[in-house]
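Here the protein sequences come in this chain order: A and B. Here numbering that gives the first Met the number 0 is used: the first residue of the first sequence is 0, the next is one more, and so on. Here numbering that gives the first Met the number 0 is used: the first residue of the second sequence is 0, the next is one more, and so on.
Derived by calculation from the structure, the hints in this document are not laboratory data. Some hints could be false.
[Stated by the list, open to error] Straight-line Cα separation of at most 16 Å, EDC-like style, residue types lysine to aspartate or glutamate; simulated pairs:
no.: 1; chain 1: B; residue 1: LYS495; chain 2: B; residue 2: GLU523
no.: 2; chain 1: B; residue 1: LYS428; chain 2: B; residue 2: GLU531
no.: 3; chain 1: A; residue 1: LYS234; chain 2: B; residue 2: GLU15
no.: 4; chain 1: B; residue 1: LYS176; chain 2: B; residue 2: ASP315
no.: 5; chain 1: B; residue 1: LYS511; chain 2: B; residue 2: ASP488
no.: 6; chain 1: B; residue 1: LYS457; chain 2: B; residue 2: ASP96
no.: 7; chain 1: A; residue 1: LYS86; chain 2: A; residue 2: ASP277
no.: 8; chain 1: A; residue 1: LYS234; chain 2: B; residue 2: GLU469
no.: 9; chain 1: A; residue 1: LYS184; chain 2: A; residue 2: GLU342
no.: 10; chain 1: A; residue 1: LYS236; chain 2: B; residue 2: ASP488
no.: 11; chain 1: B; residue 1: LYS536; chain 2: B; residue 2: ASP488
no.: 12; chain 1: B; residue 1: LYS457; chain 2: B; residue 2: GLU531
no.: 13; chain 1: A; residue 1: LYS238; chain 2: B; residue 2: GLU4
no.: 14; chain 1: B; residue 1: LYS382; chain 2: A; residue 2: GLU344
no.: 15; chain 1: B; residue 1: LYS382; chain 2: B; residue 2: GLU469
Residues per chain, in single letters:
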Amino acid sequence: MKRTLPLMAIGLILTALLAMPLKGDKLPDGSLAYQQTEDTRVPGPFESSGSSSRYALVEAIVKSGTFFFNDVQAGLAAPDLVQYNGKYFSIFTPGVSFAVLPFYLLGNLFGIPQLAAYGATTLVALVNLLLVVLIARRLGAGIIPSFISGFIFLFGTNALTYALTLTQHHWSMLVILLAILTLFKQPGLLRNLFLGLLYGAGLLIDIPNAFILLPLMVYAAGQHLAGIDEGRTVKIKLKLVLIFLLLGFIPLLGAFGWYNKQVTGSATRLAQFIGRSDYPPKPKTTTEKKPPDPYAPTLPFYSRNQLNGLYILLISNERGWLYYSPIVFIGMAGLFLAVKRKETEKIAVVILTMAGLTITMYSSFGDPWGGWSFGPRYLLPATALLSTGIGLAIERWKRSILFGLAFLTIAGYSIYVAAFGAFTTTQVPPKQEAEHLVTFIPYTYAYNQQLIDQNKTGSLVYNLWLNGRVPLTTVVMMYQGIGIVLVSIAYTLACRKRIFKKNDI
Amino acid sequence: MNITELTLTIPRQPFERMFAWISRHALVLVLIFLAIISVVSYVHFYQNGLGLAYNDARSHLDIGRRVVEGLKPGLAQLGSVWLPLPHILMIPMIWNDFMWHSGLAGALQSMTSFVATGAVIYMFLRMLGVGLLGRVFGVVVFFLNLNVLYLQSIAMTELLLFFTMTAGVYELTKWHKTDNILALIRAAFWVMLSTLIRYDGWFLLAYCAGLIVFHIWKKRGYRAAEGYFILFCTLGSFGIFLWLLWNQLIFKDALYFAFGPFSAHAQQAQLETAGVLMTKKNLLLSLKIYLYAMVFNSTAYVTILAVVGAVVLWFDKRINPAVRLSTSALCAPFLFNILALYLGHSVLFVQGISGNTWFNVRYGATMIPSLAIFMGYLIDRVKIGRLSLIALYAFVIFFSVANNDAVTIDDARVGSSQKNVSEVSGYLKTHAANEEGFILISAASHDAIIFSSELPMKRFIHEGTGSYWESATTSPDRWARWIVMRTHDDNDLTYKAIRVTNQLSKYTMVAKFPFADVYELKSEYLSTLNTEPTLPKQK
Chain A
0 MKRTLPLMAI GLILTALLAM PLKGDKLPDG SLAYQQTEDT RVPGPFESSG
50 SSSRYALVEA IVKSGTFFFN DVQAGLAAPD LVQYNGKYFS IFTPGVSFAV
100 LPFYLLGNLF GIPQLAAYGA TTLVALVNLL LVVLIARRLG AGIIPSFISG
150 FIFLFGTNAL TYALTLTQHH WSMLVILLAI LTLFKQPGLL RNLFLGLLYG
200 AGLLIDIPNA FILLPLMVYA AGQHLAGIDE GRTVKIKLKL VLIFLLLGFI
250 PLLGAFGWYN KQVTGSATRL AQFIGRSDYP PKPKTTTEKK PPDPYAPTLP
300 FYSRNQLNGL YILLISNERG WLYYSPIVFI GMAGLFLAVK RKETEKIAVV
350 ILTMAGLTIT MYSSFGDPWG GWSFGPRYLL PATALLSTGI GLAIERWKRS
400 ILFGLAFLTI AGYSIYVAAF GAFTTTQVPP KQEAEHLVTF IPYTYAYNQQ
450 LIDQNKTGSL VYNLWLNGRV PLTTVVMMYQ GIGIVLVSIA YTLACRKRIF
500 KKNDI
Chain B
0 MNITELTLTI PRQPFERMFA WISRHALVLV LIFLAIISVV SYVHFYQNGL
50 GLAYNDARSH LDIGRRVVEG LKPGLAQLGS VWLPLPHILM IPMIWNDFMW
100 HSGLAGALQS MTSFVATGAV IYMFLRMLGV GLLGRVFGVV VFFLNLNVLY
150 LQSIAMTELL LFFTMTAGVY ELTKWHKTDN ILALIRAAFW VMLSTLIRYD
200 GWFLLAYCAG LIVFHIWKKR GYRAAEGYFI LFCTLGSFGI FLWLLWNQLI
250 FKDALYFAFG PFSAHAQQAQ LETAGVLMTK KNLLLSLKIY LYAMVFNSTA
300 YVTILAVVGA VVLWFDKRIN PAVRLSTSAL CAPFLFNILA LYLGHSVLFV
350 QGISGNTWFN VRYGATMIPS LAIFMGYLID RVKIGRLSLI ALYAFVIFFS
400 VANNDAVTID DARVGSSQKN VSEVSGYLKT HAANEEGFIL ISAASHDAII
450 FSSELPMKRF IHEGTGSYWE SATTSPDRWA RWIVMRTHDD NDLTYKAIRV
500 TNQLSKYTMV AKFPFADVYE LKSEYLSTLN TEPTLPKQK
């Protein structure tokens with residue numbers, strides 16, 4: 000009872016905070032918008048084809064029993080669309096669409112299929128918050144610092160904005176965080192099966208997950224190998240339960256292959272390799288084809304892009320962590336502390352390696368901006384991973400007033416910025432595109448601030464009940480204030496030794 | 000029997016013996032392995048035509064060839080501006096047409112230097128107390144660099160410079176560690192050689208001399224410092240002394256290389272007039288451009304980790320402070336290049352930052368041996384997470400190689416370091432190969448054409464042929480059956496000389512190409528044309 004009430008209160012507050020910016024609007028007749036028609040206005044749930052392409056696939060499966068789009072769905076999915084053999088389908092892997100299918104069907108019963116489908120991502124975001132808390136606890140942080148880790152992960156980074164979309168990010172983070180948590184268990188049949196399953200799920204959700212999860216899988220496999228020094232001989236033991244890592248992976252790999260076969264005709268030909276198409280299709284031009292440059296890069300990760308990519312993703316005001324969610328760097332410092340502890344050394348290295356690989360991959364990518372997006376969306380898996388270290392940093396330095404001031408300032412700023420994206424849009428252009436627009440759009444969160452000043456929001460709650468009654472700027476400020484106050488209270492409580500002990504769960 | 004486990008019992012001794020053998024012979028294994036990589040790499044770039052893409056590579060080969068073959072062969076053909084050692088090293092081989100035209104006469108020294116540099120990196124790390132993994136990793140970072148593999152396959156001066164500079168710093172660091180005077184003498188020797196390859200070596204000489212003076216002054220006072228300085232500089236600067244003497248004797252001006260008409264100074268002055276020497280007097284831009292060149296040559300991942308490795312090294316209290324300070328000489332190429340850009344003595348174009356082309360971007364590669372050493376050091380010191388760093392490196396390099404990410408190759412293919420003179424050289428090959436008569440051409444402007452035409456050097460009358468040049472530019476109709484020049488361009492010495500003779504009317508322009516025009520003597524003047532080298536032997 001002593002703990003249940005505070006936990007319930009926290010749960011309610013988190014739910015309310017998440018529900019507040021959920022995307023939606025009302026139609027002139029009072030019904031909910033977006034449920035039966037696909038309106039792609041900004042801000043709105045279909046503002047980005049990253050979401051609408053996946054939603055179109057869900058619709059196609061439910062309404063037509065096929066993976067191929069009709070004309071309306073093709074228009075909704077463009078330009079994240081592929082045309083092949085006269086048919087249209089999504090360029091994305093189908094994992095997210097398959098996962099939200101039950102939610103769409105459930106929502107359909109109540110006339111809110113879009114809200115339910117997108118709500119699945121929001122629910123997953125809440126689960127991810129919990130997973131970050133659990134991982135932070137396992138790494139050695141106390142209950143309250145771990146809670147701060149989870150809270151800041153969701154409400155102090157662009158994870159909040161993408162919790163309201165139908166993109167791959169939170170689903171990828173779910174798989175990655177579950178895999179990390181599973182790694183704390185000893186190698187065994189069920190654990191290996193589950194890890195294999197998660198790896199397969201990760202691949203189905205987004206191809207880069209296969210790379211991001213690789214260090215974890217290699218480490219997990221390595222745990223099955225042991226060498227025992229017996230003086231003149233060395234005994235090498237291999238636990239055969241290792242095979243279940245592969246066995247767990249095969250079913251979902253098979254599902255992925257089956258899906259590819261349905262849409263592209265080959266189990267190994269991915270939609271992404273065919274390339275994007277427009278809808279309506281552009282007329283073919285008869286310009287002379289230049290012979291291909293044999294030295295042009297053919298694979299997606301080009302090391303020459305890395306310097307610029309690192310700048311864009313880590314430092315720049317376009318998409319940089321430093322500008323959008325600097326709190327992540329404190330998490331990084333916390334994880335380096337975990338590396339120094341024998342009990343958590345190896346897992347912390349795995350986490351840092353996965354985060355490092357994410358940064359390395361996407362900084363080498365041709366489009367580190369992630370197109371029109373809010374903050375460094377490609378770094379979201381690394382954001383989740385590094386957030387697990389925030390609690391450890393707090394545990395280590397909470398006695399320092401300087402650290403406290405710095406932490407609260409940085410956390411406060413991160414929460415302040417995160418709210419802008421959540422209440423408005425993910426569609427912030429990269430600088431190089433913004434400068435060429437006929438009507439200039441700022442390429443930072445200044446654009447989101449502009450929309451808020453104009454009272455334009457995608458928040459269903461605001462559009463249904465508060466529009467015309469309370470200025471949006473007031474609502475957003477209150478939202479930011481609640482987040483900052485919650486973190487400040489939590490931090491203050493964390494600094495009081497006697498309340499909660501470590502590893503109390 | 001446990002069916003959930005597979006157990007393998009391995010005798011310890013064979014593996015221990017094998018590992019001990021590998022550790023003892025690691026350096027030899029590195030040498031053998033690098034030699035194989037070197038040959039494979041050369042063959043690859045020779046076959047795909049990139050072996051001779053650099054304009055400068057063709058010029059280097061031609062300079063070496065002119066010493067042994069031409070209308071005025073001799074050591075004087077070593078010329079000025081470009082330092083002579085690479086061309087001297089070519090002499091034993093370049094008399095052979097295949098060695099000349101395949102570029103192997105020049106590439107061989109690059110290949111040998113590549114193997115030697117790898118060995119020096121290994122030895123350097125061993126001297127710093129780095130374990131086998133770190134040493135091997137340092138060598139891997141060096142050789143798994145596409146830019147290094149390319150530069151080692153061509154007749155350019157980079158790898159020879161890398162080897163001599165790195166060897167010099169290695170011996171200098173060894174002297175700081177052991178106080179062995181022989182190490183200091185060897186350091187002076189290698190640095191002296193580097194001063195005869197590129198002017199980067201001159202800066203290294205000054206930097207090393209500064210380190211020596213500082214070290215000895217602190218340890219033993221002024222007089223001892225003076226003595227060591229003289230010892231080091233006597234040998235170390237001997238190459239510079241010889242070069243100044245050479246310029247004085249041949250060109251009557253000791254500083255001809257620095258201020259003469261073909262000097263970098265003259266070239267840069269033209270670029271400044273054209274408004275493209277933006278780094279001059281702009282420290283930030285010089286730093287930015289060189290940093291980009293360095294990063295593009297080695298990848299951002301390697302550069303960043305190497306910087307971390309350098310910091311770890313310089314703050315590692317386990318190593319003697321003097322030794323730590325001496326390793327700062329590994330950063331001499333970095334400082335030199337920025338200084339050279341700032342003073343306007345060097346030009347470097349990075350596509351996207353200084354225009355839309357590449358030029359001399361290979362200067363960024365001079366830091367690669369140093370970055371490799373710092374990375375090897377870091378891998379050794381970071382016990383936890385070492386495998387992760389190596390794995391991430393493998394990821395970066397895999398895609399770098401798979402995507403052909405090599406800026407030096409881009410500069411050679413499409414940048415300003417290449418000249419597609421195949422039209423002009425093809426014309427000469429077709430029309431002049433089986434005909435008699437000399438070709439009047441400026442080697443300073445068109446060495447690439449001379450090389451690519453595959454005609455013997457003695458068919459060409461150029462600035463270095465002494466009285467042949469004087470005669471041909473005064474009376475071209477008596478000496479030159481063909482004239483290759485950029486018409487109306489006073490930078491082309493042939494045109495500059497010919498236009499005052501009014502003899503061009505005796506020629507027909509038989510071909511016009513973007514790089515140069517080809518003129519042929521009209522048939523009515525052929526009877527008075529000299530087709531043999533009849534002038535007396537020139538000194």
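Taking the hints in turn, this is what the structure says about them:
no.: 1; hint: B:LYS495 <-> B:GLU523; in the structure: 25 Å, violated
no.: 2; hint: B:LYS428 <-> B:GLU531; in the structure: 19 Å, violated
no.: 3; hint: A:LYS234 <-> B:GLU15; in the structure: 15 Å, holds
no.: 4; hint: B:LYS176 <-> B:ASP315; in the structure: 15 Å, holds
no.: 5; hint: B:LYS511 <-> B:ASP488; in the structure: 14 Å, holds
no.: 6; hint: B:LYS457 <-> B:ASP96; in the structure: 13 Å, holds
no.: 7; hint: A:LYS86 <-> A:ASP277; in the structure: 12 Å, holds
no.: 8; hint: A:LYS234 <-> B:GLU469; in the structure: 83 Å, violated
no.: 9; hint: A:LYS184 <-> A:GLU342; in the structure: 13 Å, holds
no.: 10; hint: A:LYS236 <-> B:ASP488; in the structure: 77 Å, violated
no.: 11; hint: B:LYS536 <-> B:ASP488; in the structure: 32 Å, violated
no.: 12; hint: B:LYS457 <-> B:GLU531; in the structure: 10 Å, holds
no.: 13; hint: A:LYS238 <-> B:GLU4; in the structure: 4 Å, holds
no.: 14; hint: B:LYS382 <-> A:GLU344; in the structure: 11 Å, holds
no.: 15; hint: B:LYS382 <-> B:GLU469; in the structure: 69 Å, violated
Hint compliance for this structure: hints 1, 2, 8, 10, 11, 15 are not met, and every other hint is.
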